[in-house]
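Using the sequences provided together with the hints, build the complete structure.
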Amino acid sequence: MPPKRKAANDDDQEQTSSGRGRGRGRGRGRGRGGTTRAPPKKKTNPKDFLMVIIDAGSESSRPVSDGKSAFEKSKEIADWIVTRKIFADSDTRVNIGIHPASSVGREEEYFEKTQFFFSDFERPRMDCIERINKITSESEYSDVLQALEGAVGMLEESPSVSCDDNIAIAVLSNCLGTTFSRHRLETLIEKLNSYNVTLAFICENPDLSGSQFSYIFEELKKKCQATFEPFE
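The sequence shown begins at 1 in my numbering and counts up by one.
Calculated directly from the structure, the hints in this document are not laboratory data.
All clues stand as given, with none of them false.
With a cut-off of at most 25 Å between alpha-carbon atoms, the simulated SDA-like pairs for lysine to any residue come out as follows: (1) K223 - S209; (2) K222 - T179; (3) K113 - D127; (4) K47 - K191; (5) K73 - P63.
Label-pair distances were calculated between CB atoms; the ranges are: (6) T227 - S160: 22 to 30 Å; (7) D91 - F180: 36 to 44 Å; (8) K134 - V64: 21 to 29 Å; (9) D48 - C224: 16 to 24 Å; (10) D89 - S160: 18 to 26 Å; (11) P46 - G210: 37 to 45 Å; (12) S139 - P46: 34 to 42 Å; (13) P63 - D89: 31 to 39 Å; (14) G67 - E130: 19 to 27 Å; (15) N45 - G210: 39 to 47 Å; (16) G210 - R184: 19 to 27 Å; (17) V64 - A200: 18 to 26 Å; (18) D164 - P63: 38 to 46 Å; (19) T83 - N45: 21 to 29 Å.
Glycine included, each C-beta is placed from N, C-alpha and C at the ideal position.
Here it is in structure tokens:
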């Protein structure tokens with residue numbers, strides 16, 4: 001009786017029993033020095049992005065102690081921020097948002113009643129200053145929570161932003177027009193953290209204790225990178 005042929009080794013059995021696809025992907029290259037792997041992608045240096053949200057709601061247009069409204073001060077601060085970036089020849093990409101915005105522009109520039117200057121972040125330039133100075137106040141109330149939802153919507157649609165970049169959002173407002181929804185706030189916090197956003201509220205700094213915004217800010221400060229600064 002002829003001797004039995006030697007059984008195939010376990011490795012061969014695994015390759016033949018696992019289907020025809022084996023050997024075209026991960027197994028490709030065996031017998032010629034082991035499995036070949038694609039080289040890891042090189043990580044690019046993180047880029048800097050700045051989004052400035054101007055509160056143009058009716059509550060922000062009321063004059064305060066020095067005769068100027070929070071809306072006018074917000075425009076001055078936005079002007080100052082962008083001007084500094086221009087003259088410093090900064091690599092920071094910027095976008096300016098207006099909330100609420102009743103006049104809808106192109107769809108890609110409009111998120112949650114927040115109208116943006118650009119469909120994506122761009123290098124700051126002088127026409128940004130001109131557009132800031134031409135912003136007019138709206139007759140409806142603003143909503144800080146909705147404005148931030150619009151900011152996140154713009155981030156999600158931006159082709160140039162990644163979670164590895166340095167992203168800052170500055171909200172210029174008196175924070176008086178704010179609605180509250182726990183579910184919306186928790187969703188917002190999750191999305192802000194997914195982009196590692198640094199969030200700054202630059203406000204006229206009225207007494208906000210006990211207000212809707214006071215609670216929202218405490219939650220943001222506790223769970224995100226959020227700060228509060230008065231107008232100067």
